[in-house]
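Participant: Keeping the supplied structure of chain E fixed, place chains W and B upon it in accordance with the hints.
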Amino acid sequence: MSLIEVDRLGRSFVVRRRAGRFRREAHTVHAVRDLSFTVEPGEMVGYIGPNGAGKSTTIKMLTGILVPTAGRLRVAGIDPSRDRVALTRRIGVVFGQRTTLWWDLPLRDSFALLRRIYRVDAARFRRNVDTFTELLDLGDLLDTPVRQLSLGQRMRGDIAAALLHDPEILYLDEPTIGLDVVSKGRLREFLRTLNAERGVTLLLTTHDLQDIEQLCSRVMVIDHGSLVYDGALHQLHARSESTRTLVVDLVDEADPIDVPGATVRRVEGPRQWLSFPADRSAAPLVAAVAAAYDVADLSIAEPDIEDVITRIYAHGVPGGQQAGLSHDAGATPGVPR
Amino acid sequence: MLYAAVAARAFRRYSTYTAATLAGIFTNSVFGVIIAFTYLAVWRQNPSAGGYDARDALTWCWLAQALIMPVAIWGGGATDELAERIRTGDVAIDLYRPVGLLGWWLASDLGRAAYHLITRGAAPMVVGALLFDLRMPATLGAALGFAIAVLLAVVVSFALRMLVACSAFWLLDQNGVKNLAAAAATFCSGLVVPLVLFPAGWQEVLVRLPWAAYLQVPVDIWLGHRSGVDLLLGLALQLFWAVVLLAACRLVLAAAGRKVVVQGG
Amino acid sequence: MADALATVRRNPLSGALWGLRAYLILARMWVRVSLSYRASFAALTAGQFLITGLDFVGIVVMFTNVDTLGGFGLPEVAFLYAGSGLCLGLADLALGNIERLGARIRTGSFDAMMVRPVPLYAQACADEFSLRRLGRIAQSMAVLVWSVVVLDLAWTPLKVLAVAGMLVCGTTIFLAVFTLGAAFQFWTTDGSEAANAFTYGGNTLTQYPLTIYPAQLVKVLTFVVPLAFVNWYPSLYVLDRPDPLGLPAALQFASPVAALALTLLARLAWHRGVRRYRSTGS
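Protein chains in written order, with my numbering: chain E, 3 to 339; chain W, 5 to 269; chain B, 47 to 328.
Calculated from the structure, these hints are not laboratory results.
Backbone N, C-alpha and C fix where the C-beta goes; we use that ideal spot for every residue, glycine too.
Take these hints with a grain of salt, some might be off.
[Said to hold, decoys possible] Pair by pair, the computed Cβ-Cβ distance ranges are:
hint, chain 1, residue 1, chain 2, residue 2, range
1, B, 313, E, 144, 52 to 62 Å
2, E, 129, B, 309, 41 to 51 Å
3, B, 233, E, 282, 52 to 62 Å
4, W, 206, B, 60, 57 to 67 Å
5, E, 125, W, 258, 51 to 61 Å
6, E, 125, B, 191, 48 to 58 Å
7, W, 91, E, 133, 32 to 42 Å
8, B, 313, W, 137, 38 to 48 Å
9, E, 279, B, 233, 51 to 61 Å
Chain E with its partners taken away, still in its complex shape (with noise of 0.2 Å):
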C-alpha cells in the first residue's frame, strides 16, 4: 500500500453564472478532473501548473478541507473526508500565504501549545524543537510574537510548526513565496536534508521552478484539472523538446558556426550561442566545435525549465499526454502506458 493513494479523483463544482437578466444558469466546473498517481514514502514530489489549475484544490482534499465529488483517495490509509481528525496527526501542512501559527503568540508558545494538541511526549518534543530550533536558524525568534516576524522568518517557524510531531507527509503550499534568494536557498537545503535524515515525504506545490529542480526527482504537472506530466524531472525536459545552450568565446569574431546538431541562436561578438536537444549530450557538440574552430571558452546552460513548463501548459506533452504518465524508472521513455 502506497502513502498516498489517488484513484480517479475528481471534484466539480456547480456555479451559477447570470444568464440574461434574471435567470440563473447552472454550469458544472471541474476543477480536479480523474486525477490518478500515487506516492510511496520518502518520496519528495513536485505538483505544478498554472493558477486555477487544480494544484490548491488538490491539496485540499488531500489534507480534509474538501470533499471529493469523485474517486477514491487514501492518506497513509486514512480517508481525509471521514477521519480528518486522525490523518492531521500523520501530517504537517505550511500554507506559504499564510501562517498555521497564532498571530499574538510567541514561537515558544505556539511550539508548546502544538505539543499539546497533538499530544507528543515531552522527551521527544524537546528534541525536535531543538533540532528544528537549530536547522532552521530560529534561536533569536523563540520569544518573538508572530505577528512581528519577517516573512521568511514566518516561514521558517511555520515548517517547524508543521514538524513537530513527528508527520509522515508534509505538505508546502508555496513555501518559498516571497523569500529572498538566500533564504530561498537554505530552505532547501532544510528540506533536503529532512527528507534524507528522517524521511519525511515532502510534496510540495510551487510556481518557483528552481524549488522543483533544486529539490524533487519527480514533478507532477496539473492543467486544466487533469495531470498531463508525472515523472522524473529529467525526462520532463526529454518529453518537451527543451534545448540546452552551449556558449562559445571565439578568440575571433566568425561566421556563425555550423557544426551538426546545433543552431546558433544568438551572435555578439565572439561569443556564440549554440542551442541543442536537452537530452543530447554535449560532448560530441563540445568536441566538433573546438576542432573546427579557435575557441577561448565555452560553457554549458541548462535548459530554462520555465521554458519547459510554458511548452506543456501550452501545448501539451509531445506524444500525448499518456506518454509522460509513467513515473515506474524502469519504464522506456517515449512508450505510452
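Facilitator: Chains W and B only, in chain E's frame:
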C-alpha cells in the same frame, strides 16, 4: 476638486460591502423595534415625559438607529484607516502636509457617511415608518435644518474620532481609547436613553457637550422642538464644537508630526 | 491495515471529551497572552464593566420619569436585566470570538484550524478567548445582588434552584444562539452583523418585562425563537408573578426544554455548515 474625488472614492469603496450593509440594516431594524416598545411603555406611564409625546419618542428611536452609522457614534469610519496607518508607520509620509491631511480624511469620512446615510440611514427609517406612527418634519425649514445638522454632526463626530485615532501615536493602538470614546458617545448622545429623560441637572450639562451634536440637535430640529432661533442656536452649538475640535486636531497632528520626526518614524 | 480499521471505530464521547480538553488548553493559552499585557487587560475589563453598565444606568434614568414599566418596578426590572446580562455574559465569555468565523474563513485561518487534530467547534469557541468579558458578568452580578437585597423575596429551596436553573439554561440558550449566528456565516461570510440582532438584541429585549411587547411577539419569543426562556419565565416564578398573558404556569419550568431544543438546532446547523464548507471550499 481633489476633496470631492476623495469623498467619491470612499463612497464607492463602502458601497461594495452589500452583504454587510444588508445584515446591518436588519440588525438596526430589530433593535429599533425593541427600543420602540420600550419607549412606548415609558410614555404610556408618563405621556409627556421630558417634554416629548409618544410619537416624538418613537421618532427619536428610529432616527437614532438611522444615524448610528452615518454619524459613527460607536467610532470607526475613515479614522480607523488612519489609526492603522499610524500603527504600521505609513503615516510618516502623510504627515508632511498636516493641513491637507485633515481635509483629506474629512472628505473621505464624508463620502463614507453619505453612503451610510443612504443605506443604513434611510432603510431603518422606512421600516420604522411602516411599523410605527412616526412624526415627519413639519416644515421645509425643519427638513433643511435637519440636513445641515446631520452634516455638522458627522463633522463633530469626525473630529472626536480623529483625536481618538491620534492616540495611536502615543499608545500601542487606538483600541483602548476607542472603546472608552464609544461608551461616552453612546451614553452622552442619548443613544442609551434620550437626553430629555435625564434629570434636569444632568440635562443641562449633557446638552452642551459635543455629543449632544450627534443626535439631540438634529432630532430636535426634525421634531420641531427646535425651530426659529432655537434651530439656529442648535446649529451654532454644532458649529462651535466642530471648530474647536478640528482646531484641537490640528494641534495634535502638529505634535504628532514633531514626535514622528524626532523618533525617525 | 490497522489504520483502516481504526477509521471505522469512532467513539463520539471520547471525541467530545478531547474537544473539551483542547478547548481548555487553547483558552488557557489566550488568557496567558492577555494577562501578559496586564494594564491593557485591566483597562479593557473595566471598560467592559462600564460600557455594559450604561444600559442599566439608562434603565435607572427611565425610572426617574416613571414608577413602573410594563407593570414592574425598578428592582424587578433590575432582576430581569441582571438575569439576561449574566446569561449573555457567560455565553459570551465561553465562546470567545466565534462570531468572527466569517472573517476567519475569508482570511484562510479556518483552513489552518482544519489541519489540526482538534474538533473544529472547540477551536472556534476558543478563538481569542478573553477574560475581559468578565466585565459584563461582574456588572450584571452587582445589579443582581442589589435587586435581590431590595426585593426582599421569600426564598425557598425551589426558588434558589429556579435561579440556578435560569442561569444554566439561559446561558445554554445564548450559547446556542451564538453558535447559530456563527454557523450562518458558513453561508454568508459577510453577514456576521445579522447575528447580533439575536444575541445582543436578544439580551436587550429580555432586559425588560415582556409585558411591554405585543402579545403575539411574546408568543413568538416563547414558541418560535425561545428567548423568553432565558430569564422571563423563570423570573415570573421567582418574583411570584402570575403570567401576565395568561399562558400556562408550566412554562416557568420549561427552560431546559427550550435550551435542549436550541442546542440540538445549533449542533445541526454547525455540522451542516462545516459540510457545506467542505463541499465548496469557501
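Participant: Which of the numbered hints above does this structure break?
Facilitator: 1
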